[in-house]
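Quick mapping for you: the protein sequence lines, in order, are chains Z and W. Using my numbering, read the first sequence as starting at 100 and increasing by one per residue. Using my numbering, read the second sequence as starting at 5 and increasing by one per residue.
These are computed hints drawn from the structure, not numbers from a lab. Treat each hint with caution, since some may be false.
[What the hints assert, rightly or not] Stretches of chain Z that chain W covers, calculated by requiring three or more beta carbons in the stretch to come under 8 Å of a beta carbon on chain W: (1) 162-174; (2) 186-192; (3) 303-309.
[To be verified] No more than 27 Å apart at the CA atoms, straight line, and that leaves these computed lysine-lysine pairs for DSS-like: (4) W:Lys22 - Z:Lys148; (5) W:Lys200 - Z:Lys304; (6) W:Lys22 - Z:Lys319; (7) W:Lys257 - W:Lys293.
Backbone N, C-alpha and C define an ideal beta-carbon position, used for all residues, glycine too.
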Amino acid sequence: MAKKFLSGDEAFAEGVRLAKPQVISAYPITPQTIVVERLSEMVEDGSLKSEFIHVESEHSALSCAIGASAVGARAFTATSSQGLLYMAECLTYAAGGRFPIVMMNANRSTALPWNIYGDQRDSVSQLDSGWIQVYAENAQEGLDLALMSYYIAEHKDVSTPLMVNLDGFILTHTYETVDVPTQEQADAFLPAYETENKLDIDVPKNLAFSAGPEHNYIFKYKEHQALLRAKSIIAEAEKKFAEIFGRQYGGLLETYLTDDADYILITLGSIAGLCREIADYLRSEGKKVGVVRLRYIRPFPTEELAAAVKNAKVVGILEKDISFGNEGTIFTNVNSSLFRSGINIPAYNFIGGLGGKNISHEDISEIFDRIENGTEPVNFIGIEASEK
Amino acid sequence: MSITARDLCRDEFFYGHKACAGCGGSLAVRNALKVLGRNAFAVLPAGCMSAVGFNFPQLCFANNAIISTFAGTASMLTGVEAGLRAKGITDFTAVGFAGDGGTADIGIQAFSGAIDRGDNILYICYDNEAYMNTGIQKSGLTPFGAKTTTTPSGKNIHGNIRPKKNMFEIAAAHDIAYAATATIGYMEDFLTKVQKASEINGTKYIHVIAPCPTGWGVPVSDTVEIAREIVNCGLWYLAEYENGEFTLNRNPKQFTDVSEYLKKQGRFRHLTDDDINLIINSRDEKWNKIRKDWKFGKD
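One chain only, chain W, in its complex shape:
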C-alpha cells in the first residue's frame, strides 16, 4: 500500500519554523508527521530541526514534541514510549527525527541500545551529510571527498578522506524489526516506508537523505532534484531490511553520471578525475554485492 501526495492530510504539524529555504530535513519531518498524524510524540535532539522549531515562545509542532540531548534521541524515545504505555496510552507513535551526526556519531550508542531492547519506536535519521546546524562540519555520514569546514580541500587533502558509515546495515546487524533507506527525492517511497514502519511493532529505522543546499552548495530550488539524483547515479539506494532479509526497492538499469551529480555541488567541485574514479569504483563494488545478496522488490 503506497502513499501518494493525494493521501497526505492537509493538516500541518511542523509549521512556522525558521528552516532555511530549500531545507531537505524540514521537508522530511513535515511530511512524515502528515503520515503519522496528531498522535505522534516526536523527539528531536539538538540539531537543525530543533533549532528551527522550538524557539520559545514560537513553538512549531502541532503534535507533542520535545528536544532531547544530542546523544539522547533514542533513550528519550524509549522513556516516552515506556511512560505512555505505563500510563495505559496505546494509540500513539513515538518517533525520533535526528540528523546524521546525532545518529551516526554522538547518538549511536543510545540508538544501538534501543534496537537491542526492541523498543517500540520509530527512529528517522534525516541525513544531510554533515553537521549543518553548526556550520557544515564533517560527521560520520559525510561522504568521501566532501568539503566541509573541518575537512577543507587543499593541495594535500581533497575534503573528507573516509566513506560514509553504513547506518542502514549497522541497524540491520542488530536484527532490527524494520530498517529502510529513503530520500526526499522519492517522497512517496519515503512516506510509504514511514507508514509501513508505524504499523510494525518493535524498533524501526528509516534513513532518509535530506539535502542541505547551504552545505551541499546547490541552489535552494534543487533540493528535491539532487535528492533524486543521488539515487539515480547509484551513490544511494532505496532498500529495506525486514525478517532478516534485505530487499532492494529500486534497481536502476543504468546509472546516471556520477561526475555530473558531484560537479553540481560546491562541496565536491574540487574533486579530481582520480577522486571521482574512486567514488565510482566503490559504488560499483557496493552494487555488485547488493545485486548478488539482496532480494529485488518493486519500487
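Chain Z with its partners taken away, still in its complex shape:
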C-alpha cells in the first residue's frame, strides 16, 4: 500500500486501474474529466491493459460499455450531469440486461441555468433506472468503492450495474492523502468476471430481446429481487475488503452518535463530515444529536435506517436535490421507509447545495436547531427572504 496525495477523480482512477476493466468507454464532462484523463495515461504507459474507446457521446459511452459487458468483458465508464441524462436510455438498458457495468458519476447540477458545480439532482433523478447507487464521502472511499463496486455488481446473485457518486469539485477536485492498495491486494479481493449472461462464441445466444407483458413482468420482478439481494452482497464485499485492506465501511449507511440521540440529521455524500463536526460541537453543549450518512440509496437501507433512528424524537433530511413541486427525493424515500417500519416521528426536509451553493457550518447548526425546535416540512437553507 502506498500513500498518495490525490484528488477524488484521481483516486477513483487508481481504483479503476486496480480493478482492471477490459473496456473503458468515456466522453469528457466537467467535473468527471480527470478520471478519464488519468485512465488514458494509464493505458498509454501500459500500467492498465484496457481497450480505451474514445466515444463521441455519453449515449455511446454506455452503449459501448453494454456491448463489452454483453460479451463478458469488465467495462467501465464515467460521466456527470448532462452526460448522465444524455445516456439515460442506456441506464435502464444496462440494468434490464443485467450487465454489471461500473460507472462513476461526478455529481453536478443539471441545466438550466447552466452550472458545473455539485448537487445531486443528476443521479437522484435516475433512481428508478435499476442501478445500484452509492455515494462516497471522500477520495479514499471513492477509490475503495471502485474496487468494491465490481465485486458487488458482478456477483452472480446481483448482476446489476452500479453507479458510484462523488460530489462534483468538493470530492472530484479536492486533494487528500489516499492509501493506494497494491495490485496483489486488489487481485486477492476482486475475482475475474465470470458470467453466463453473455454472447458466447462457443454457445451462441440472443440477448437484449423483447418480452411481452407476461414475461416482461417476471424479468422486472427479478431485477428488483437482484437489487434487494445486493444488500447482503454489499455486506459480504465490505467484510472481505476489511480483511484484505484493513478499512471498514458501514454497509448501506453509517451512523454517528445515533445510539442515544434525540435529534438525527440524515444526509449523504461529502457534506456528512461537516454534519458530524457540528454534531460533536453540539454534543459538547449537551445536545443529544447524531448523524446518519446514507451510503447506498439503491437498494434503500430501510431496515438499517429504522434501526438507526428508532429512538430519536425528530429527524432531519439534508439533501442536494429537489423534486420540483414536491420535496427532496431522499426525504420521500426516508419517510416511506420510516412509515413502513412503524416509526412515526416528525421529519423535516432541508434542501441545500443546489448548483454548488456552499453549505456552511452555520447552516448545519441552524438545521439542528430547527430539527429540535420545529420548522416547515420542506426548507431551502441559506436563502434570504428577499431572494424568495
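Got chain Z; can you put chain W on it based on the hints?
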C-alpha cells in the same frame, strides 16, 4: 472473387422470425449471415429486424445476436468488438444490421464515431426508405416524392419534399476503410461485398436497398424485382469506396423508364409529370458526376 447462390451455406442463422411476406430486410440479413457464418456477432437496433426476430422466448438467430438501443448500433458494435478482442477472441465478425432511420437519422452520430475511430466492425444498413416498423413514416433516406404517413400527398404537397441523404458518400467522407452500395435485387453483388468487407480490417459500411412491399405499395412477390429496377432505372447505383477512390460497379448503357419504376409503387402513384421530371433531372445530374469522377469497375 464473387459469391453465387451455389456458394451459400445451407445453414440458416435467421430463421423462424415473423417478418412480413416479401420483406427485403429479412432477406438481406438472412443471406449476409450465410456469408459471415456462425462466428458473426450481430447487433440490431430497435427496428423491423429486431422486432420480428427477438421475441422471448422465440429468438431467431442461430449466431450470437443482440438488440441495441435505436441510436446505439455502432457504439454497441464497438463495445462487442473491443470486449471480444480484450478477451483474446479473434475469429469473429462484429456486424450491425440497422435500418435507414437507425442509420441516417438517430444512429448517425454513433456511426460517425465508429468510423472516426476506425473500429473493426461491419455496418450494414438495410434501407427500406422509411420508418416501416412504426408504420411508414419519413426518414432521412425517404426519397423525394414518396408518400409516407408523415409526408402525405395532397393538393399542396406531393409527399416527401427532400431527396435522400447520401449515406454512402457520408461514410466515404470519413475516409472509411470500405463502403459499398448494394441492393437485394442484385444479391450476388451484395453478398460478394459482404464477403469482401468481412476480410478488410477497419470500419466497413454496406448500404443495401431492401424494399418493403407494405411501405412501397408493391405486391409481396415483387420485392426482388423492384430492388433490381431501382438500379436499372438509375435511381440507385452499385458502387464501392476503397483506398480513397470511388468505383462504379455497374454502368448501364441505357436506363429503364423511371416513371414506370415509380408508377408501380403506391407511394409514388400521386406524382405529376413535373415531379417525375425533377426526379429524372436529379438522377442525370448525379450520374454525370459519377461518370466524370468515379472509376468504372466490373459488375
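Results of checking the hints against the structure:
no.: 1; hint: 162-174; result: holds (count 12)
no.: 2; hint: 186-192; result: holds (count 3)
no.: 3; hint: 303-309; result: holds (count 7)
no.: 4; hint: W:Lys22 - Z:Lys148; result: violated (43 Å)
no.: 5; hint: W:Lys200 - Z:Lys304; result: holds (26 Å)
no.: 6; hint: W:Lys22 - Z:Lys319; result: holds (25 Å)
no.: 7; hint: W:Lys257 - W:Lys293; result: holds (16 Å)
Consistency note: the structure conflicts with earlier hint 4 alone.
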